Amino acid sequence: ALYWVGIPLEIFALARQTHFAQNTGLAPLYTVIALGLGLGLALAGLTLVRWVASAADTATVLDTVLDSDGLAQGIALAPPPVPVAADLQPWESPPALTWADKPRQGSFVLASMLSNTGFVGLAIVPTLVSGPYLGWAVFYSVTQNVIGTYGLGVYLASWFGRGTHTQSRWQQLRDVVTVPSLWAFGLGTISQQWLGPPLVEEALHQSVWLVIPVALVLMGLRLSRLQGWSSLKLALVPATLKVLVLPAVLGAIALRAGLPRETVLVLVLMSGMPSAFAGLILAEEYELDPEIAAASIALSTGGLLLTIPLWLLVFG
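For the sequence shown, position 53 (counting from the first letter as 1) is numbered 53 according to the numbering used here, and the numbering increases by one without interruption.
Rather than coming from a laboratory, the hints here were simulated on the basis of the structure.
Because the structure is a prediction, the values reported are computed rather than measured.
Cβ coordinates follow ideal geometry from the N, Cα and C atoms, glycine included.
It cannot be assumed that every hint is accurate.
Stated by the list, open to error - Okay, derived cross-link-like pairs now, SDA-like style, lysine to any residue, Cα gap no bigger than 20 Å in a straight line:
#, residue 1, residue 2
1, K102, K233
2, K233, L97
3, K233, A298
4, K102, W183
5, K102, I33
6, K233, A44
What the hints assert, rightly or not - Each pair of labels, with its calculated beta carbon distance range:
#, residue 1, residue 2, range
7, A123, S54, 37 to 45 Å
8, P132, L313, 20 to 28 Å
9, T178, L310, 26 to 34 Å
10, L48, P260, 32 to 40 Å
Could you build all of it, start to finish, from the sequences and the hints given here?
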């Protein structure tokens, strides 16, 4: 419901209320740069995590084989083959995901690159920067939602997800073209010049406050299923990339480019927002790993309390 109705309604309302001719600046360009940086950092972090996990598994196997009882016992203790989903009975749970599974990799990448610029970003940033620079925050949020979350994000979710079968390029393109939020953005932009009845306009303006509670309920349901530290440790790397590494790199690039410090602060704050709720929505829709998505939201939200004072000190 959030993917097909709630989020498109929010984006439609935001597109109708945003005047794109005012104070656009270079915000969309730097948002795209942030998305590219986030994707690159995510893939590098994923490669490192998979290498560490593979090394740990190899060490475990060697310890078993070289056990004091000899090679035969090591072979006898080898784990049975993991059943695939097609072999499971309806009452059986699917096997736990590993770092070799694409759904887990997909959730890792999305959690590392997509920021919660709407629910959290546009609620926090206006209290920390002056009025003339708020346009950058709005356009950062709009650009990330359109190009990042429901453009590149949907493509990546389709690539990594949709169960165990391989997606063709046509299927991935179809998934992007049919994203309801993209159509909602286009319709909202086109319809800016048409004013509806005051009651309808007010309902659109208030629709955001209906979407947020539903998103929080979804996140709460997923957080309740986390297995303590065993779940949270999976999200340590993506959460760190999201709230610390990505904004620091983007801030350095923006300063090097000669942007005003307050503009740089807006870019750093928006790129350093917690992992997006949309990552959890895409995980549900495209059969990714919701455990990493939910754990990343939890850890990065907690980390935000530490990073905001840091960014204000460095870039403020």
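Evaluated hints:
Restraint check: the Cα-Cα separation between K102 and K233 comes to about 18 Å, which is no more than 20 Å; the hinted pair holds. Restraint check: the Cα-Cα separation between K233 and L97 comes to about 14 Å, which is no more than 20 Å; the hinted pair holds. Between K233 and A298, the direct Cα distance comes to roughly 11 Å. Compliance with the 20 Å bound is thereby established for this hinted pair. Distance check on the hinted pair: K102 and W183 sit about 28 Å apart at the alpha-carbon level, beyond 20 Å; violated.
Restraint check: the Cα-Cα separation between K102 and I33 comes to about 25 Å, which exceeds 20 Å; the hinted pair is violated. Between K233 and A44 the CA atoms are separated by roughly 18 Å; this keeps the pair inside 20 Å, and the hint holds. The hinted window of 37 to 45 Å between A123 and S54 holds, with their beta carbons roughly 41 Å apart. Range check, P132 to L313: about 22 Å between beta-carbon atoms, so the 20 to 28 Å window is met.
Remark: the range hint 26 to 34 Å for T178 to L310 is contradicted by a beta-carbon distance near 40 Å. L48 and P260 have their C-beta atoms about 35 Å apart, which keeps the hinted 32 to 40 Å range intact.
Of the numbered hints given earlier, the model fails hints 4, 5, 9; all others are met.
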